[in-house]
Amino acid sequence: MSETLHDRIQELRAVYPDPRSAILPALRLAQEEHGGWLPPAALREVADSLEVTPATCVAVASFYDQLRLEPVGRRLVEVCTNISCALAGAQQVVEAFERELGVEAGATSADGAFTLGTVECLGGCGWATVVAIDNRHRLRVTKDDVPAIVEELRGA
Amino acid sequence: MPERPELVFARTDGGAVTDLEEYVARGGFVALAKARAMEPDAVIAELEASGLRGRGGAFFPTGRKWAFVPKPDRLAKPHYLVVNADESEPGTFKDREIMLRVPFRFLEGCLIGAHAIAAKHVFVYIRGEYEREFEVLRSALEQMHARGDLLGDVTIVLHRGAGAYICGEETALLESLEGKRGQPRTKPPFPAIAGLYAAPTAVNNVESITTVTVVFELGAEEYAKVGVEGSTGTRVFSLSGNVVRPGNYELPHGITLRELIYDVGGGVPNGRSLKAVIPGGSSTPVLTADDIDTPLDFDSLVRAGSSIGSAGVIVIDDRCCMVQLGIRVSQFYEHESCGKCTPCRVGTRWLTQILQKIEDGRADQSDLDLLLSVCDRILGTCLCPLGDSDAIAVASYVARFRDEFQEHVHLGRCPFEGASSLEGILAPSALHGAHGHEHEAVPA
Ligand SMILES: Cc1cc2nc3c(=O)[nH]c(=O)nc-3n(C[C@H](O)[C@H](O)[C@H](O)COP(=O)(O)O)c2cc1C
Ligand code: SF4
Ligand code: FES
Numbered sequence: 007m008s009e010t011l012h013d014r015i016q017e018l019r020a021v022y023p024d025p026r027s028a029i030l031p032a033l034r035l036a037q038e039e040h041g042g043w044l045p046p047a048a049l050r051e052v053a054d055s056l057e058v059t060p061a062t063c064v065a066v067a068s069f070y071d072q073l074r075l076e077p078v079g080r081r082l083v084e085v086c087t088n089i090s091c092a093l094a095g096a097q098q099v100v101e102a103f104e105r106e107l108g109v110e111a112g113a114t115s116a117d118g119a120f121t122l123g124t125v126e127c128l129g130g131c132g133w134a135t136v137v138a139i140d141n142r143h144r145l146r147v148t149k150d151d152v153p154a155i156v157e158e159l160r161g162a
Numbered sequence: 339m340p341e342r343p344e345l346v347f348a349r350t351d352g353g354a355v356t357d358l359e360e361y362v363a364r365g366g367f368v369a370l371a372k373a374r375a376m377e378p379d380a381v382i383a384e385l386e387a388s389g390l391r392g393r394g395g396a397f398f399p400t401g402r403k404w405a406f407v408p409k410p411d412r413l414a415k416p417h418y419l420v421v422n423a424d425e426s427e428p429g430t431f432k433d434r435e436i437m438l439r440v441p442f443r444f445l446e447g448c449l450i451g452a453h454a455i456a457a458k459h460v461f462v463y464i465r466g467e468y469e470r471e472f473e474v475l476r477s478a479l480e481q482m483h484a485r486g487d488l489l490g491d492v493t494i495v496l497h498r499g500a501g502a503y504i505c506g507e508e509t510a511l512l513e514s515l516e517g518k519r520g521q522p523r524t525k526p527p528f529p530a531i532a533g534l535y536a537a538p539t540a541v542n543n544v545e546s547i548t549t550v551t552v553v554f555e556l557g558a559e560e561y562a563k564v565g566v567e568g569s570t571g572t573r574v575f576s577l578s579g580n581v582v583r584p585g586n587y588e589l590p591h592g593i594t595l596r597e598l599i600y601d602v603g604g605g606v607p608n609g610r611s612l613k614a615v616i617p618g619g620s621s622t623p624v625l626t627a628d629d630i631d632t633p634l635d636f637d638s639l640v641r642a643g644s645s646i647g648s649a650g651v652i653v654i655d656d657r658c659c660m661v662q663l664g665i666r667v668s669q670f671y672e673h674e675s676c677g678k679c680t681p682c683r684v685g686t687r688w689l690t691q692i693l694q695k696i697e698d699g700r701a702d703q704s705d706l707d708l709l710l711s712v713c714d715r716i717l718g719t720c721l722c723p724l725g726d727s728d729a730i731a732v733a734s735y736v737a738r739f740r741d742e743f744q745e746h747v748h749l750g751r752c753p754f755e756g757a758s759s760l761e762g763i764l765a766p767s768a769l770h771g772a773h774g775h776e777h778e779a780v781p782a
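Protein chains in written order, with my numbering: chain A, 7 to 162; chain B, 339 to 782.
Careful: at least some of the hints might be erroneous.
As the list claims (entries may be wrong) - Here are the simulated distance ranges between beta carbons:
#	chain 1	residue 1	chain 2	residue 2	range
1	B	Pro607	A	Gly161	50 to 56 Å
2	B	Arg485	A	Ala61	42 to 48 Å
3	A	Ala119	B	Pro607	32 to 38 Å
4	B	Arg374	A	Ser115	39 to 45 Å
5	B	Ser477	A	Asp13	21 to 27 Å
6	A	Ala119	B	Asp491	46 to 52 Å
7	A	Glu110	B	Gly609	31 to 37 Å
8	A	Glu17	B	Pro723	34 to 40 Å
Source of the hints: derived by calculation from the structure; they are not laboratory data.
Even glycine gets a Cβ: it sits at the ideal position worked out from N, Cα and C.
I would like the entire structure built from these sequences, with the hints used as guidance.
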């Protein structure tokens, strides 16, 4: 039998001198188990497990870009558009993804397969353009690489 | 080619050492044994003698920071060492390579630090976007657990962030680690007295901590021979932008921008010419091609009107429109503002909007004046340095490239006519409503 979310959050609590510190890792876990976002049920589970209110969880989650209070696509494609990536042509990489995925930056495709986003510096400026796919970084992506990446994602 | 001593990346043969046995075979954990054989005060004195100063941006002496943490007999609370692995300053990507290539030298430094400030708990706050780095550290820690003598009675916890640049600011980081929104605290009290859970805490950057190990590998005296006076040792420079060979390069403090960009980095590609350099991450004032012989150390960069910051060097060639650069940099700070103080929350948005107006050719002379006046009114009025960073960066673009800004106003359009390398720059898609606060509209 797999551990429940509640049990796993109890393990997280034990790691910290103050259990409230477990809220970020707990929200991350809950998000992973709920298809990449935090529906009200997930927030309630975390709140109950940590003995805080769901409002506390929303207040915390809404601060952090990686925690999502709206549904996202099954695959998340995020292109860094900060300075070094922009100097390397990140704009064209975003356009190529928009074309290949048929969705605008900031939106989710109609079939719920993909969310495309533009994000701030991913800490890979020397390997521009950096694209995070489900939080895994692809380095030195050019616009010409995009069709193959999308084909790979659609095939997976 | 400048000399390239490898200290942080010593004994890696250009690769990664992620196996504990291998690290030990290459002399690993000898520094820890040396430090543990010394009294905490002697450890701190050795660091002071090495001249090591913080690599996170503020360049504060590491030994002195640790000396501020009260001794356990004076403040009988648990003591904490918190490592800042939130690396998010645009242009900076060195801590990531350190964690990937020398995870044990980094963790060894954590244990030396814990000994120095009598901490039993170390927290490594690692940015949420660093997935592989987290896994490498987790595996390294598991290997260390199997050898009880290394960790002793110290617990090292890897804590993942969740996407917020401001959590790199040390007090915001502590708030976040306590499970709250990452908003900076007022200082004093300083973390050394009341940090994590209101207990004595030292917050140090990944490269600083890894260099602590280096100091005990070499001895303070040997370490201090590298680099220049006031900025001892090496620095891991992150080189990016319009340069032939971008990447991380460990080099002694004091090498010049010319050596870094041309000798090491191969120069500006495609026959273009150098226009500007941001020397220490996006928060630092821009330099021009005329500053190319500036040595990269703390004092020289201050004299040049900038700062060594996080040593993230961004090279910009002559195709780049400086107004567009300003817009993108300002969007970043606008997006990452935590919203706690008005000059930052509102001012960063104003800067973006006025710059956009200039870029679009809708601005007159009074808008250029307004831009600088908003910078002035942000400066020194914010709780943490984030708001100031935007104002300092933007004001430096105007100061150094005044004619280009003026030309936008005079022509009523961008002089690059669609050919700037930043043409079509895109804001982060989550800009509006970022970090849980809506941005007010700016009067047109
Ligand atoms: C907005 C802001 C962001 C920061 N981000 C980082 C960061 O990502 N990593 C870091 O080490 N220091 C960062 N700092 C500096 C930290 O507040 C702190 O000075 C540093 O972690 C201290 O470590 P050091 O003494 O080893 O440099 C940031 C500061 C500010 C104001
Ligand atoms: S300066 Fe900006 S980021 Fe810093 S505390 Fe104020 S609002 Fe928050
Ligand atoms: S600018 Fe894209 S990773 Fe830093």
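Now for the hints, and whether the structure bears them out:
1. Pro607(B) with Gly161(A): 50 to 56 Å: Violated, at about 34 Å.
2. Arg485(B) with Ala61(A): 42 to 48 Å: holds (45 Å)
3. Ala119(A) with Pro607(B): 32 to 38 Å: Since the Cβ atoms of Ala119(A) and Pro607(B) sit about 37 Å apart, the hinted range of 32 to 38 Å holds.
4. Arg374(B) with Ser115(A): 39 to 45 Å: violated (56 Å)
5. Ser477(B) with Asp13(A): 21 to 27 Å: holds (24 Å)
6. Ala119(A) with Asp491(B): 46 to 52 Å: This hint holds: roughly 50 Å between Cβ atoms.
7. Glu110(A) with Gly609(B): 31 to 37 Å: Because 36 Å falls inside the window, the suggested range holds.
8. Glu17(A) with Pro723(B): 34 to 40 Å: At roughly 37 Å between Cβ atoms, Pro723(B) and Glu17(A) fall inside 34 to 40 Å, so the hint holds.
The earlier numbered hints that this structure contradicts are 1 and 4.
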